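Peer 1: Each chain is listed here by its residues.
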Amino acid sequence: MTTVQTREPQKIHPHKFTLWVGMGSIVMMFAALTSAYIVKKNQSSWLEFELPRIFWYSTFVILASSVTIQLAIKAFKAREMNRYRNLVTITAILGVLFLVMQGLGFQSLELKNIALTGAKSNSAASFLFVITFLHMLHVLGGVIALLVIFFKAYRQKVKNYSAMPIELAGTYWHFVDAIWIYLFIFYNWIG
Amino acid sequence: MSNEAVLHAHSGAATHEGHGDHHEHHHHETFITKYVFSQDHKMIAKQFLITGMFWAVLGGLMSVFFRLQLGYPDSTFPWLESLLGKWAKGGHITPEAYYALVTTHGTVLVFFVLTAGLSGTFANFLIPLQIGARDMASPFLNMLSYWFFFAAGVVMLSSMFVETGPFSGGWTAYPPLSALGDASPGSKTGMDLWIVSMALFVVSSLLGGLNYIATILNMRTKGMSMTRLPLTIWALFFTAVLGVLSFPVLFSGFILLIFDRNFGTSFYLSDIFVNGVGALPNEGGSAILYQHLFWFLGHPEVYIILLPAMGMVSEILSVNSRKPIFGYMAMIGSLFAIAILAFLVWAHHMFVTGLNPFLGSIFVLLTLLIAVPSAIKVFNWLTTLWRGNIRFTPGMMFAIGFVSLFISGGLTGIWLGNSALDIHLHDTYFVIAHFHIVMGVASMFGMFAGIYHWFPKMYGKYLNNTLGYIHFWVTIAGAYMIFWPMHYEGLAGMPRRYYDYSIWESFKQFVELNRFISTVAMIVFAVQLLFLFNFFYSIFKGRKLTTLNPWGANTLEWTTPIRPGHGNWPGEIPEVHRWAYDYGKDGHDFIPQTTPVGADESHH
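Order-wise, the sequence lines are chains A and B.
Numbering of the first sequence is given in our numbering, commencing with residue 351 and proceeding in unit increments.
Numbering of the second sequence is given in our numbering, commencing with residue 1196 and proceeding in unit increments.
Some chain A residues judged to face chain B by a derived CB distance under 10 Å, without partners named:
#1 Ile-362
#2 His-363
#3 Phe-367
#4 Leu-369
#5 Ser-385
#6 Ala-465
#7 Thr-467
#8 Gly-468
#9 Lys-470
#10 Asn-472
#11 Ala-474
Taking lysine to any residue and the SDA-like style, the derived pairs with C-alpha atoms no more than 25 Å apart in a straight line are:
#12 Lys-1383/B <-> Thr-467/A
#13 Lys-366/A <-> Lys-1417/B
#14 Lys-391/A <-> Phe-1558/B
Don't read these hints as lab results, they were simulated from the structure.
Just so you know, these numbers come straight off a predicted model, no measurement behind them.
Virtual Cβ for every residue (Gly too), placed ideally from N, Cα, C.
Generate coordinates for the entire structure from the input sequences, incorporating the hints supplied.
Peer 2: This is the structure in C-alpha cells:
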C-alpha cells in the first residue's frame, strides 16, 4: 500500500481520543455525586451554610492556570523552550496553590464548627468535602503529569519534538478546571 | 495503513513490532514479557480467560457448598469441616459461612467471571483481530487493565482467609450491613477487602473499556467502515460504552460508602440501633441513595454481561448456518436501543423500597420497552437459522442454547418488570431463576460458544468435540432442571437468601425439590470440570490446526497465520472490501471480507 492511500483525513490521535472518553467517564462520576447531592438536599435535616470565601479566589487561580498552560503549549510549538519551562512551572505552582486554598477553605468551615466528617457532621458539609476532595485528587493528578513532562523537558539525551504529551496534559488541565467551575456554580446556585 | 502510522507516531515500547514489511526478524522476548507482563492483546485475552476460569471454578464451588446446605439441611458432611474448618463446624455450614458463600458467589460470578472473564477475554482477543489492527490503542493500559483485575482478585481471595470471614451482606453490598463494621462478622475486615477489591476492579474495567472504544473507533483497517464490522465488535463496543459510563457511578457510591464506614459521615445511615453497641449518632442518611447509585451501574452491568454473548452468538450462528446474519442493521439498532434503555430502568430493582408508585409506573414502561429490541434480536437469530445449512459444532450448539435460554429467561423478565407483580415476586426464587437463566447461564453459554469457536485461533488446536457435546447437553439440561423448578418455588413465595427452608411450614413442601436442584447443580459443576480438562488438555495435546480458516468464516482473524505473533499479520494488514456476512452468495459458500467485489457479483 502506498503512502498516498494511507493519508486519509487526519484522524484524532488514539491517546487523545482515549483521554476524551476517560474524561467522559470522570464526568459521570461527578454527575452521580452531584445528583446524589440534590436527592439528599430534598430530604430532611439539610444544613444550609455559606461557602468559604476563599473558594472564589481559588476559582480565579485555577482559571489563571488554564491560561498559562495554553501559553505553554503555544511556546512548545514555537520551540521557545525557556518560556515553555517557565510557563509549565507557573501552571504547576498555581495548581498546588489551588489545592492549598481548597484545604484552607475546609479549615475555615471546621473553624466555624461545621464538621465535614465524623459523628457530628451533616451530609451537606460531608458532600461538599467529598466532592471537592475528589476534584482535588484529579487536580493533583494533573500536577503530577505536568511535573513528569517538566522533567522530560530538561533531558538532554532524548529530544522530544512531539507536542502530544503537553497537549494531552493541557486538555486534561482545562477539563479539571471546567469541572471545578461546574462544581462552584453547582454549590452556589444549583445545589 | 493509517493504523501503522498511528502506531509509529508515539514511541512506546510496544510498537516495535508494528512494522509492516520487515516483520520476519525474530524479536527477542523473555518469559516475563511474553507470558506475564505481556502487552500483546492475544496474550492478555488468554490471561483474562484463564483467570476468569479460576474464579468460575471457585464461584461455582461456592454454589455447590451452599446448595449442599439447601438440599440437605439435616445432614452432616465431615469432609466439609476438614475443608472449611470452623465455617463448617460438625460438617454443617454455619449461617455466617452460608451468607458469605452466597455473597462471594454473586460478586465473583458477576464481576470477575462474566465481566472480566467474558468481555475482558473476547474484547481483547477479537477487537484487534476482527477490525484489522496490530494491537490495542494503548497496549500498556491494556496490560494495566489485566493486572488491576489480577490485584482485585488477590484482594478478594485474601478476604476468604481473614478471621471474621469475607463480606456476607449480599453482592449488592447495601448499607447498613456494608457500612457498619459491627453489623455482622463479614462487615468487618471482609468488607474492607471487598471494597478495595471492587475499587481495583472498577479501575481495571475503565482502563479496558477506554481502550476498546478508542481501538474500535480509531484503528480499523482500510475499508473497514463501521457498517462492515462483525456484530461481535458492535456488541463489544456498546459493552465498553456501558462500562465507561456506569462504573464511575458505582465508584462514587463506593466513595460515599467508604466515608460512612471509616470517617463517620451519614450519607447512607440514619437512626440505627446495633445490638450490643447501642444507638448510633448518624442522622439524616438514606440507604436508598446507595441503591440508586448501585443500580445505576447494576442494571447496565447485566447488559455488560449479556451484550458480548449476544455479539458472539450472532457471529457463530451466521458462520455455522452458512447464511448471512438476518437483519444486520436491525441487530446494530437493537444493540443500541438496549444500551440506551439500560440506563433508564435501574429503579425496577427498587419497586418495593418505597419508591413513588407513579415514578414506578414510568420505570415499568421503560423496562417493558426492552422487550422490543430483545424480541428483534431473537427473531433475527431464528431467521438466521431458518433453512440454513447448519453445522452443529459445539460452538454452534452453545450459541443455539444461548438463544433458548435468552427466550426462557427473557419471558420471566416481562413478569418481573411489572411493579404490581413485583410486590409478590420480589426477593423470591422467581427472581433467582430469572436472572440466573437470562444473565448468568445464557452469558456462560455465549462464553462457551466463543471459546469453542475461537479456541483454534487462540491456541492453534481444536477442542475435543465429543467432550464438547457431553458438556453442552449436560449443561443445558442441567440449567433448566436447576432453574425451572425455582420459578414454582418463587411463585409460592419462597424467599431468597434463607439458610434453612425445612423449618418453615410454608416451604417444607419444597425440601425434595431443593434436594433435586442441589443434586443437579453438583452434576453440572462436575461437567464444567470436564470442560476445563478438555480446555487444558487440548492446549497441549489437541488435534493440530492445519488450515488457516477451519470454519470457513469471512472475518479477518482467520487471515492471520495459525499462530499469529505480536502484530497479528506478518506483512501488510489486509484491506477490507465487503461486510462480514457474505455466506452462500452467488454460488460461493463464503466470501472473505478481504476479497474485492467482483464485476459479476449480484447486488452489493
